[in-house]
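There are 2 protein chains.
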Amino acid sequence: MSEASISVAIVDAQTPGNVGTIARAMKNFGLSDLYLVDPPDLDPDGEAYGFAGQAREDVLPNAQTVPFEHLVENFHTVGCTAVTNTDDRRHIRYPFRTPRELADSLAGVETDTVVVFGRERVGLNNEELERLDEICSIPASASYPVLNLGQAATVVLYELRTVMVEETQLPDEIVRAPERDIEGLHDQFGTFLEPVEPVSEQRSRLRRLWRRLLGRAHPTRREVSSLRGVFRRAESQLRESRDQNK
Amino acid sequence: MSEASISVAIVDAQTPGNVGTIARAMKNFGLSDLYLVDPPDLDPDGEAYGFAGQAREDVLPNAQTVPFEHLVENFHTVGCTAVTNTDDRRHIRYPFRTPRELADSLAGVETDTVVVFGRERVGLNNEELERLDEICSIPASASYPVLNLGQAATVVLYELRTVMVEETQLPDEIVRAPERDIEGLHDQFGTFLEPVEPVSEQRSRLRRLWRRLLGRAHPTRREVSSLRGVFRRAESQLRESRDQNK
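Taken in order, these protein sequences are the chains called A and B.
Reading the first sequence from the start, the letters are residues 47 to 292 in this note's numbering.
Reading the second sequence from the start, the letters are residues 47 to 292 in this note's numbering.
In isolation and in its complexed conformation, chain A is listed as follows (with noise of 0.2 Å):
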């Protein structure tokens, strides 16, 4: 975890329930603190209470009120917008960082950042990104590429959870079955495979695309000792019943 502080900002929105997504989205990504620049009215019976989630109960309410010129002088200013510059003619939307590459240069960087969000449809715009320290854009599709203000938040402050959040609902990682294990489960396919498959090359082959197959899938040990036990199981009734056919 960084030592970095992250702090969201809305400047001119003209949709409350845009607000209450991007609280929403703060609060699912780890972040707490909201700043409002001319905000509209957040009535708590309206949309932006409506679409925050539990960021109802805090994010939304503790959200600050500022002039512009507070977030300039107490922060390191991002500028979030979908239109950059594609050269360096002009500088004011240009060079940009992608949320990606946000959140790595933040991770390894101590200091207070705020992450601003203009108005709908027509962005922050030039007078207000010249004043920011960066620019951040959203990879979209050259055709489309405008997210709606809710969604681009949402898609910046998920990636931005890396540096934010301390623990995700998710388990670390996939604990994959310990090799020995497999190893015993290509085994068991083997065995199981002789009654099936009388010509020896094709039990070969089956074997190699078994291994194969589970190669790539990166099974759990509950998956492998529950396929071990069904071809053993599925073995010893077809040996049985060749046995009795004897």
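Hints were generated in silico from the structure; no laboratory data involved.
Do not rely on the hints blindly, as some may be mistaken.
[To be verified] Now the stretches of chain A that chain B is said to cover, found in silico as 3 or more residues with beta-carbon under 8 Å:
#1 121–133
#2 171–185
#3 193–199
#4 266–278
Don't be surprised by glycine CBs; every beta carbon is placed ideally from N, CA and C.
Assemble chain B onto chain A, guided by the hints.
Just chain B now, kept in the frame of chain A:
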């Protein structure tokens, strides 16, 4: 680009606005085929179309209403859920892939995949999930991992852009200035320092500091040439003023 096609399905959505939000994210991230299982009424003057942005022109009107079985029978199916099992004692929600892992795995496979999102609040139920091939879950804060339906889909589709978007709106990469231009700037900075800082050891220290700063910033050609100009002009004015004062 992969040969894969990726479609989206929404099961039993209650809120038309979420369907519109998902349609917009699809268009933003290069997907077009939307399937709806038990959808709400999508009034052309209602929230679905209101939230869809430019997807109101194609993704949304072209969406097909199908039974759940249609997905299972015709696609490689991926079910999205915030709630996973944490180990392999139960397989309905385990193992899972994160959206990024899903994108990586689909990029390498020729398959018609459908990514399936469930109803608001409760998501896909166990009966539905056990009929689907893979599980996908978004890493989020352990204390509040449940995203809004539209936001969850936005994050997953954002990650899948790497499979489906041929060209983003962003230039491929920021072009760093050629090394010799940067070295030229370093030299110019050094010459500029001579009249500014008389102590040679201090000049060396400042030059190292300057080299480190630019080394982290990966300056563009324009930045380098502009700064060279600045230091050249400053140096020449400093020398003039010194010569006059002699």
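Do the hints match the structure? See the list:
1. 121–133: holds (count 5)
2. 171–185: Check passed, 3 qualifying residues.
3. 193–199: holds (count 4)
4. 266–278: holds (count 4)
Checked against the numbered hints given earlier, this structure breaks none of them.
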